[in-house]
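Asker: Each chain, written out:
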Amino acid sequence: MDCSESLTMQATSRRALLLGGASFAAWAYLPKFARAADGRDPRFVTIILRGALDGLATVAPIGDPDYAGLHGAIALRSDGPNAAVMLDQFFGLHPAMPEFTRMYRAKQAAVVHAVATSYRDRSHFDGQDVLESGFPGPGRVQSGWLNRALEALPKGERVTSALAVGPTTPLVLRGAAPTVGWAPTALPQAADDTAMRLLDLYQHRDPTLASALTQGLQLEKQAQGDEMKPKPGGGGAAAMRLVARGAAKLMAADDGPRIGALAFDGWDTHANEGGPVGRLAQLLGGLDGALAEFQSGLGARWRDTVIVVATEFGRTARINGTEGTDHGTGTIALLAGGAVNGGRMITDWPGLKPANLYQARDLAPTTDLRAVIKGVLHDQFGLGERVLADTVFPDSAPVKPMKGLVV
Amino acid sequence: MARDSQAALTALNRFGFGARGGASGDFINAASDPRGFVLAELARPNGALLEVPGLLSTPELGKQVFDYQFEIKQARDAAKAAQQGASETPPQGSDAKPQQRRNLSLSTAAKEIAGKDPAMQPQPADSANAVMTPSATMQPQAGPAKPPAQPLNIIQKTFRAEALARLQRGVVADCGIVERLVVFWSNHFCISANKGALARMWAGSFEREAIRPHVLGRFGDMLKTVEQHPAMLFFLDNQQSLGPESRAGINRHRGLNENLAREIMELHTLGVGGGYTQDDVTSLARVITGWTFAGRQGRLGTPGSFAFNANAHQPGPQLVLGKTYAQAGIAQGEAVLSDIARHPSTAKFIATKFARHFVADDPPPALVAKLQDTFTKTDGDLRALATTLVQSNEAWQAPLTKMRSPYEFLVASGRLLARNPEDPGRYLNGLNLLGQPLWSPAGPNGFPDTAAAWAAPEGIKLRLDIAAQVASQLADKFDPRDLLELVAADAASPETRRTIERAESRQQALALLLMSPEFQRR
Numbered sequence: 097m098d099c100s101e102s103l104t105m106q107a108t109s110r111r112a113l114l115l116g117g118a119s120f121a122a123w124a125y126l127p128k129f130a131r132a133a134d135g136r137d138p139r140f141v142t143i144i145l146r147g148a149l150d151g152l153a154t155v156a157p158i159g160d161p162d163y164a165g166l167h168g169a170i171a172l173r174s175d176g177p178n179a180a181v182m183l184d185q186f187f188g189l190h191p192a193m194p195e196f197t198r199m200y201r202a203k204q205a206a207v208v209h210a211v212a213t214s215y216r217d218r219s220h221f222d223g224q225d226v227l228e229s230g231f232p233g234p235g236r237v238q239s240g241w242l243n244r245a246l247e248a249l250p251k252g253e254r255v256t257s258a259l260a261v262g263p264t265t266p267l268v269l270r271g272a273a274p275t276v277g278w279a280p281t282a283l284p285q286a287a288d289d290t291a292m293r294l295l296d297l298y299q300h301r302d303p304t305l306a307s308a309l310t311q312g313l314q315l316e317k318q319a320q321g322d323e324m325k326p327k328p329g330g331g332g333a334a335a336m337r338l339v340a341r342g343a344a345k346l347m348a349a350d351d352g353p354r355i356g357a358l359a360f361d362g363w364d365t366h367a368n369e370g371g372p373v374g375r376l377a378q379l380l381g382g383l384d385g386a387l388a389e390f391q392s393g394l395g396a397r398w399r400d401t402v403i404v405v406a407t408e409f410g411r412t413a414r415i416n417g418t419e420g421t422d423h424g425t426g427t428i429a430l431l432a433g434g435a436v437n438g439g440r441m442i443t444d445w446p447g448l449k450p451a452n453l454y455q456a457r458d459l460a461p462t463t464d465l466r467a468v469i470k471g472v473l474h475d476q477f478g479l480g481e482r483v484l485a486d487t488v489f490p491d492s493a494p495v496k497p498m499k500g501l502v503v
Numbered sequence: 004m005a006r007d008s009q010a011a012l013t014a015l016n017r018f019g020f021g022a023r024g025g026a027s028g029d030f031i032n033a034a035s036d037p038r039g040f041v042l043a044e045l046a047r048p049n050g051a052l053l054e055v056p057g058l059l060s061t062p063e064l065g066k067q068v069f070d071y072q073f074e075i076k077q078a079r080d081a082a083k084a085a086q087q088g089a090s091e092t093p094p095q096g097s098d099a100k101p102q103q104r105r106n107l108s109l110s111t112a113a114k115e116i117a118g119k120d121p122a123m124q125p126q127p128a129d130s131a132n133a134v135m136t137p138s139a140t141m142q143p144q145a146g147p148a149k150p151p152a153q154p155l156n157i158i159q160k161t162f163r164a165e166a167l168a169r170l171q172r173g174v175v176a177d178c179g180i181v182e183r184l185v186v187f188w189s190n191h192f193c194i195s196a197n198k199g200a201l202a203r204m205w206a207g208s209f210e211r212e213a214i215r216p217h218v219l220g221r222f223g224d225m226l227k228t229v230e231q232h233p234a235m236l237f238f239l240d241n242q243q244s245l246g247p248e249s250r251a252g253i254n255r256h257r258g259l260n261e262n263l264a265r266e267i268m269e270l271h272t273l274g275v276g277g278g279y280t281q282d283d284v285t286s287l288a289r290v291i292t293g294w295t296f297a298g299r300q301g302r303l304g305t306p307g308s309f310a311f312n313a314n315a316h317q318p319g320p321q322l323v324l325g326k327t328y329a330q331a332g333i334a335q336g337e338a339v340l341s342d343i344a345r346h347p348s349t350a351k352f353i354a355t356k357f358a359r360h361f362v363a364d365d366p367p368p369a370l371v372a373k374l375q376d377t378f379t380k381t382d383g384d385l386r387a388l389a390t391t392l393v394q395s396n397e398a399w400q401a402p403l404t405k406m407r408s409p410y411e412f413l414v415a416s417g418r419l420l421a422r423n424p425e426d427p428g429r430y431l432n433g434l435n436l437l438g439q440p441l442w443s444p445a446g447p448n449g450f451p452d453t454a455a456a457w458a459a460p461e462g463i464k465l466r467l468d469i470a471a472q473v474a475s476q477l478a479d480k481f482d483p484r485d486l487l488e489l490v491a492a493d494a495a496s497p498e499t500r501r502t503i504e505r506a507e508s509r510q511q512a513l514a515l516l517l518m519s520p521e522f523q524r525r
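Protein chains in written order, with my numbering: chain E, 97 to 503; chain H, 4 to 525.
Just so you know, these hints were derived from the structure itself, not from any lab. Honestly, I wouldn't trust all of these hints.
[What the hints assert, rightly or not] A few chain E residues facing chain H, derived, Cβ under 7 angstroms: (1) PHE221; (2) ASP222; (3) GLN285; (4) ALA286; (5) ASP302; (6) LEU309; (7) ASP361; (8) HIS366; (9) ASN416; (10) GLY417; (11) THR418; (12) ASP422.
[What the hints assert, rightly or not] Heads up, incomplete: computed chain E residues facing chain H, CB under 10 angstroms, no partners named: (13) ARG146; (14) ALA169; (15) ARG218; (16) SER219; (17) THR265; (18) ARG270; (19) LEU297; (20) TYR298; (21) ALA308; (22) GLN311; (23) GLN314; (24) ILE415; (25) GLY420; (26) HIS423; (27) ARG457.
[As the list claims (entries may be wrong)] Residues of chain E clear of chain H, computed beta-carbon distances all greater than 10 angstroms: (28) ALA171; (29) MET182; (30) GLY393; (31) GLY500.
Think of the CB as a built atom: it goes at the ideal place given N, C-alpha and C, for glycine as much as any other residue.
Based on the sequences and whatever the hints tell you, model everything.
Answerer: Shown next as structure tokens:
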């Protein structure tokens with residue numbers, strides 16, 4: 097067999113995932129109550145959209161008299177070609193999201209609008225750190241809120257589905273609780289004996305590398321026999337669907353992971369964002385497809401599932417000079433899943449009058465994203481308010497978990 | 004002698020790309036005078052320039068992209084016309100036939116090219132195909148039959164040629180500190196080839212023209228060259244940004260895009276928390292309106308070269324970081340950049356990042372202070388900055404806790420095994436696998452620079468797989484025990500020495516050597 101050929105093919109499949117900007121990672125254990133007598137077996141997924149999603153372009157406040165002027169050429173409309181889907185009298189959903197529309201109508205999806213983390217500056221990287229770390233401010237990148245939530249859950253058996261860790265774990269899942277991820281590879285594996293000798297050397301000389309290699313080897317074992325192979329090409333939207341399909345298949349299994357995180361890159365739409373069609377529309381189509389993949393892939397488990405889609409901050413209310421939007425503040429979070437108490441817009445709408453905008457430029461946040469996530473974690477996994485306020489989202493006691501998000 | 008060997012390991016691995024194999028004598032030379040070994044390369048004039056026959060300038064490359072895209076467009080239009088012609092007007096007369104035949108062939112050409120042209124992909128990320136070998140294009144793996152190999156297009160060819168030139172320089176360099184500096188600054192001022200056809204075409208020329216000439220020069224010069232380079236202007240959208248009150252802004256009802264201005268402050272100079280506000284970002288965005296590059300038509304200058312478009316420039320003075328800039332035209336932006344380059348926050352930001360890259364994730368504060376001091380006192384002399392680093396005791400005393408990045412790992416392997424690459428494919432694939440695709444970071448903040456980022460479980464496992472594969476192909480040419488002498492001599496730990504000596508085969512021994520802490524840590 098020609099090694100360089102197989103390396104090339106491998107690189108093709110990996111590249112389709114990596115450069116598509118999509119990845120999946122999950123907790124390596126089942127929660128202990130996963131097979132409880134009541135038959136409820138909750139799943140939780142968070143999807144991080146890196147680059148800052150334009151919430152005003154995704155769920156447009158078409159009924160707000162200032163919206164059309166601010167969003168200008170890329171504003172959604174309630175009529176005409178490619179019209180937004182009106183979710184109520186006021187808000188219209190982007191036409192690239194028919195699956196989410198269907199879930200919303202079936203009361204399995206909800207939108208939280210004018211939401212933001214506690215971060216109020218406009219650096220992507222700090223904003224993502226705050227979003228994923230769950231700390232009130234930037235600079236804390238050792239662990240993520242989801243990982244700390246896992247530490248508070250009773251640990252059951254180890255997941256045994258085919259999993260391998262991604263080249264890097266997203267911050268939201270980084271931390272002390274062991275995680276796994278899915279990243280298919282076909283590179284010829286080093287012989288077990290070589291790996292064991294190396295591990296022995298690391299154990300004597302380099303404990304950090306020993307720990308990393310141990311995990312890498314365990315995951316490789318679990319991954320054997322995995323038949324999920326990505327198809328190369330197809331762009332970011334296809335990569336989103338693909339990773340979601342793989343993640344859903346893994347999470348549907350009885351011995352598969354229950355709690356995972358995906359990260360999708362590419363939402364930084366500074367120029368030519370597009371309105372009902374265009375760049376953002378393609379990305380939203382990919383996200384919509386990913387949600388649909390979860391529903392179909394999880395099958396009967398969809399009933400017990402909550403997916404939270406979040407981004408580091410929003411974008412300017414007014415489009416910039418290049419028919420895009422610059423870094424802003426308030427945006428949306430999406431909830432989807434059979435366990436979501438859906439079919440509703442959840443918002444304390446601040447309005448888009450100049451005086452109502454945050455720093456006269458951004459949608460003002462009126463809901464703290466932590467309240468949303470806390471509410472879901474409480475309802476899905478019974479995490480107490482105390483641990484949510486002290487450990488999962490440190491120093492967040494004043495931000496109460498939102499009630500009634502889960503059926 | 005043992006002490007010197009340890010210092011040699013630091014000289015070669017912390018500051019350079021590792022010892023070369025063969026008869027280079029790198030380890031012995033480094034052991035006899037560790038600091039001198041590193042400093043000698045720093046002292047060389049023009050050591051960072053990369054002038055290789057066949058590598059073209061940014062405008063020349065830009066012209067090729069414009070021509071290529073124009074060709075495709077013409078072929079497309081012709082194909083469309085042919086379709087319409089075929090359905091609407093039946094061919095008549097004798098001269099219709101050759102006409103139609105030409106159209107048909109153009110149509111075929113357009114179809115062939117459309118699948119390969121990065122500019123035509125729905126997502127910029129797809130242009131990554133350009134680095135792939137012809138046998139692995141967009142076709143699904145499970146396809147019934149392999150399609151015939153398609154020739155590389157001009158963008159793919161250029162990217163590979165640029166990559167090859169950089170890799171070859173890294174593999175043959177004496178110590179490698181200058182190439183390490185190039186990689187550091189290139190990542191600091193990164194662009195991503197995934198932005199589109201022009202970015203992929205210019206990824207190499209950007210580094211050759213904007214980074215290399217200033218790696219041992221002045222920071223302010225590098226900053227100015229980078230922010231005026233077409234690749235950076237394209238990468239961060241500045242060619243689209245128009246002054247709202249400029250003539251073009253008024254006529255076209257378009258205006259600012261603050262992407263480049265923000266990253267200049269946040270990532271290139273002051274750093275987050277460096278004392279700038281949203282208003283400063285917006286002002287800087289206004290200041291640099293009109294900084295663009297000439298397009299195919301060449302209305303603003305030679306196609307593909309930097310151009311100042313006065314029609315797009317926001318008129319009037321601007322307030323940036325508390326100072327009013329009243330200059331007209333391009334001088335306004337150059338004055339701002341010149342001041343920002345000298346800002347105390349910039350000195351601190353650069354000093355910290357520099358020390359973090361070379362020494363430790365949490366670098367010794369005394370070292371950072373020294374670097375900051377040098378940066379400030381020398382007005383951003385980057386040769387002086389690197390010299391201060393190498394002459395500091397901190398940089399030699401701190402334990403080797405950093406991980407080699409995938410790029411450093413692959414280049415170091417190539418050096419040890421004396422494999423000057425003739426084809427970049429293997430390296431490019433390896434970099435993709437290990438999460439560091441060449442010139443293609445996920446965001447404008449570049450690739451991560453912490454040990455933890457490169458010591459993730461799958462990262463380590465994949466390194467082992469790659470090491471095993473390399474070893475399976477090359478181990479017969481070497482005695483791994485000799486290679487260990489070249490890599491670490493008596494700085495090798497007894498455990499590493501024993502592990503290699505007791506390996507069951509040369510292949511296994513070489514894989515273990517490439518994965519040993521002595522080879523992975525720096």
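Asker: Taking the earlier hints as the rules, which of them does this structure contradict?
Answerer: none
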